[in-house]
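**Q** Just so you know, the protein sequences line up as chains A and B, in that order. With UniProt numbering applied, the first sequence covers 1 to 288. With UniProt numbering applied, the second sequence covers 1 to 413.
What the hints contain is simulated information worked out from the structure, not anything from laboratory work. Backbone N, C-alpha and C define an ideal beta-carbon position, used for all residues, glycine too. Watch out, some of these pointers could steer you wrong.
Unchecked claim - Now the in silico label distances, taken between C-beta atoms and shown as ranges: (1) A:Phe127 with B:Gly381: 44 to 50 Å; (2) B:Glu322 with A:Ser108: 39 to 45 Å; (3) A:Leu103 with B:Pro202: 20 to 26 Å; (4) A:Ile269 with B:Glu89: 56 to 62 Å.
Stated by the list, open to error - Sample of chain B residues lacking proximity to chain A, with all beta carbon distances greater than 12 Å (derived): (5) Ala45; (6) Ile76; (7) Arg92; (8) Thr122; (9) Asp173; (10) Arg185; (11) Gly192; (12) Val196; (13) Ile212; (14) Lys219; (15) Ala239; (16) Pro247; (17) Ile391.
Here is how the chains run, residue by residue.
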Amino acid sequence: MSAEVFSVFYQFADVFAFLILSAAGLAIVFGMMGVINMAHGEFIMCGAYVTVGLVNLGVPLAIAQILAAVTAGLIGVLVEFLVVRRFYKRPLDSLLATWGLSLIVTQSMLLIVGSAVRGIGTPEGSFAIGGYTFSTYRLVLFACAVAVLAGLYVIFMKTRFGVIARATMQNAAMAKALGARTGRIYAISFGIGTGLAGLCGALYAPTMTLIPTMGATFVVESFVTVVIGGANVLLGTAPAAVFLAMIRMALNASYGQIIGQIGMLVAVILIIRVLPEGLSSVLVRRGR
Amino acid sequence: MNSGRRLRAILLGAMLGTAASIVGAHAAEPPLKIGLLEDVSGDLAFMGMPKLHGSQLAVEEINKSGGILGRQIELIHLDPQGDNARYQEFGRRLLNRDKVDLLIGGITSASREALRPIVDRTTTPYFYTNQYEGGVCDASMISMGAVPEQQFSTLIPWMVEKFGKKVYVIAADYNFGQISAEWNRKIMKDLGGQVVGEEFIPLGVSQFAQTIQNIQKAKPDWLLTINVGAAQDSFFEQAAAANLNLPMGSSIKVMLGFEHKRFKPPALNNMHATANWFEEIDTPEATEFKKRWRAKFPDELYINDMGYNAYNALYMYKTLVEKAKSTKLEDMRKVIATGDACIDAPEGKVCIDPKSQHTSHRMRLISVGPKHEVKVEKDYGTIQPYWLGEIGCDLTKKNDKDQYTPSHLPKKS
């Protein structure tokens, strides 16, 4: 029986980690900043490719993953400076600009690196409970997802930067009048968002096929989670991921992957119908 | 105004004269136009790239040796990027606007089924170069790849004998996966085996923790893996990480998707497949062929069976046209009807079966070891694509456009 209980937890943790890690970066870039970043998947792909490249050069996996996240973050700051900065007041145009960026990056990767790259293998081995065997690395992913949430909480709730960042997102003009350097705040926030996307790619790189379009497998889940979550990253994304993970896990287990996917999307439609501003609007109102 | 008109007349005359001289020089032999639809970007690019390369290699060789009936080949390649709507759009463009003499291409069975109705409305022949789930009885289509009676009818009995009677199936959720799973059910039933689980997975799904657990719960003796595309292939890495450790069989892994080259060993350990071609094949003809390929495309990740079939398709076309002394489909089909449409391919002699217009192949059962080394377990010799003929498809007597499966057989007339 304990094996069954554990397996339910394991499946939940697996889906939850996937949703949180896919969505964390987007929660900042789209949820907080309002930039519809269609290139989110490409930052994830960037993290994965940098990780695999570094591991093939002999860098230990964990360090390669951190460096990959940092690389994606720095590229994000650059992209913010060159492209995104111009579109803060035109969210629909930001959609087009980042979509174009996504196409350019995907095709360039195809031309430069080729259509497929050899994987690096999943570390940490496996363990057995009852009749089941599980990949230990999947629990590492869960731990990372929880750590990312905790990290975001600390950054945005407990630091001076976080206070100023939230003020800037809420009312940039007022924040600027009070002396906040809003341009820099935006750039750093965008960098954190893309860095988290890179981290997602870095963490999933050992478990997946690496192709230039791999980011696409994360994008639907990440947008769905952020849209359901609503504008507040901390109060929105995490509960949204818990909720979607439970639905998906239950449907996957009882009816298979197809129904799991359909069911999740139906749930999203229902929630958006009932709560157009996402889960966080309710939670924030309750809190007041 | 008068002088202007004269000038124009002179210019026009000069242009016509030049055009006439160009046409005159080449009128005897305009190039044969071949339309090629292969994905070289998108989710299936890694499999489509060798197909483009195989076609290019064959065209280069044929052109160098004097072309087909003295005519050079002009290859027009478009990249549908794995999108079936684009397959139809580009297919129409090649057939109606470019008026190609032959259409080749399509990776997935979905893309082939998207193209087929468009080809059927023309008199242009269509070559499909992939192995697939079988059953297409279509007068316009010539199939170069292996089909279930060559792949599943060899693989499944071997797996049952070697590993046991209980199988679990993971399959991509579209016509290829569904019909292949149907073949598996039929063959397992004939063998007294048991399908303990079937899971159909939407294309693009990349996370398999639940699937792995379902498999462990069902306790099969072996797995039939007919998952498709880069995302679904992540299954192998994740199953290895969870130490699933089951023997696996497939009609598309290793020789087609070269997963043993893309994943770190031992993720593909204990995989089995029946194939008419795989790069590790080491007969003198195959080695010679690989040398030519690698000379032109040194960076090829793997010369997969689709790329190899794509190469053969052009030589088969050359043979058909030269024997028929015509590029018309009906004349080529008269050659096929004689049963003498054969080429000496790198795998050995292969021929088109008159009734179904599918190709005979020399089939080998290959397995992958813990270091991803490929070993030939069994050589079945040449196997005819007999199934369609047995159930009543006879393209020498009757034109047909349907796809048949074990549960959808032609009506007896």
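**Q** Each hint needs a verdict: does it hold in this structure or not?
**A** Going down the list of hints, with the structure as the test:
1. A:Phe127 with B:Gly381: 44 to 50 Å: holds (46 Å)
2. B:Glu322 with A:Ser108: 39 to 45 Å: holds (43 Å)
3. A:Leu103 with B:Pro202: 20 to 26 Å: holds (24 Å)
4. A:Ile269 with B:Glu89: 56 to 62 Å: Between Ile269 (chain A) and Glu89 (chain B), where Cβ atoms are some 31 Å apart, the hint is violated.
5. Ala45: The claim breaks: Ala45 (chain B) does not keep its Cβ more than 12 Å from every Cβ of chain A (closest is about 4 Å).
6. Ile76: Non-interface label stands for Ile76 (chain B): nearest chain A Cβ at 21 Å, farther than 12 Å.
7. Arg92: holds (24 Å)
8. Thr122: holds (31 Å)
9. Asp173: Non-interface label on Asp173 (chain B) violated, nearest chain A Cβ at 6 Å vs cutoff 12 Å.
10. Arg185: holds (17 Å)
11. Gly192: Given a closest Cβ separation of 26 Å, the condition holds.
12. Val196: holds (14 Å)
13. Ile212: violated (8 Å)
14. Lys219: violated (8 Å)
15. Ala239: violated (9 Å)
16. Pro247: Non-interface label on Pro247 (chain B) holds, nearest chain A Cβ at 16 Å vs cutoff 12 Å.
17. Ile391: Holds: least Cβ distance 30 Å, greater than 12 Å.
Comparing the model with each earlier hint shows violations of hints 4, 5, 9, 13, 14 and 15; every other hint is respected.
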